[in-house]
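S.K.: Residue numbers (our numbering): 373 to 522.
These are computed hints drawn from the structure, not numbers from a lab. Each hint should be verified, as a subset may be incorrect.
[What the hints assert, rightly or not] Cross-link-like lysine to aspartate or glutamate pairs, in silico, EDC-like; alpha carbons within 16 Å at most:
| # | residue 1 | residue 2 |
| --- | --- | --- |
| 1 | Lys447 | Glu405 |
| 2 | Lys485 | Asp438 |
| 3 | Lys457 | Asp477 |
| 4 | Lys497 | Asp438 |
Quick caveat, the model's predicted, so the values are computed rather than measured.
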Amino acid sequence: APKLRASITPGTVLILLTGRYRGKRVVFLKQLESGLLLVTGPHKVNGVPLRRVNQAYVIATSTKIDISKVKVDAKFTDAYFASTKDVRKKATAEALLGETKPVVDQKRVADQKAVDAQLLPLIKKTPTLKAYLGSSFALTKGQYPHAIKF
Numbered sequence: 373a374p375k376l377r378a379s380i381t382p383g384t385v386l387i388l389l390t391g392r393y394r395g396k397r398v399v400f401l402k403q404l405e406s407g408l409l410l411v412t413g414p415h416k417v418n419g420v421p422l423r424r425v426n427q428a429y430v431i432a433t434s435t436k437i438d439i440s441k442v443k444v445d446a447k448f449t450d451a452y453f454a455s456t457k458d459v460r461k462k463a464t465a466e467a468l469l470g471e472t473k474p475v476v477d478q479k480r481v482a483d484q485k486a487v488d489a490q491l492l493p494l495i496k497k498t499p500t501l502k503a504y505l506g507s508s509f510a511l512t513k514g515q516y517p518h519a520i521k522f
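The task is simple: from the sequences and hints, build the whole structure.
M.R.: Right under this line is the structure:
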């Protein structure tokens, strides 16, 4: 796996810079074999599920959570997150108009709840941390990222 940036350690709060959850603050859990980072919102706090993220697209903050007691299952590998290729079906009007909701695997939901259950008590220990994780990051006019201490 590629070398992990020195500022990123398990329990570090990261800011996502790209993708569906850009601007969200997440907790780093571990590095996967491919070099991608395993992060979670926790989903209950800010809606970010367990995801893989490239370390090039995150900013590490100085905020840390002691997750030494959090058990991150060995099942969270790159294979766990790999998307399943399903056979293409003929497009129907309902599918094209977006009437169907994407189905989330119940195993994933259970896994997310298990990880959240371990993290939430640790987040509640620190005052305002829950609000910090729930808020999103954005720059305003006259704010320069190179001049900010994260």
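S.K.: The structure should be examined with respect to each hint, and the outcome stated for every one.
M.R.: Hints and how they fare:
no. : hint               : result
1   : Lys447 with Glu405 : holds, 12 Å
2   : Lys485 with Asp438 : violated, 19 Å
3   : Lys457 with Asp477 : holds, 14 Å
4   : Lys497 with Asp438 : holds, 11 Å
In summary, the structure is inconsistent with hint 2 from the numbered list given earlier, while agreeing with all the others.
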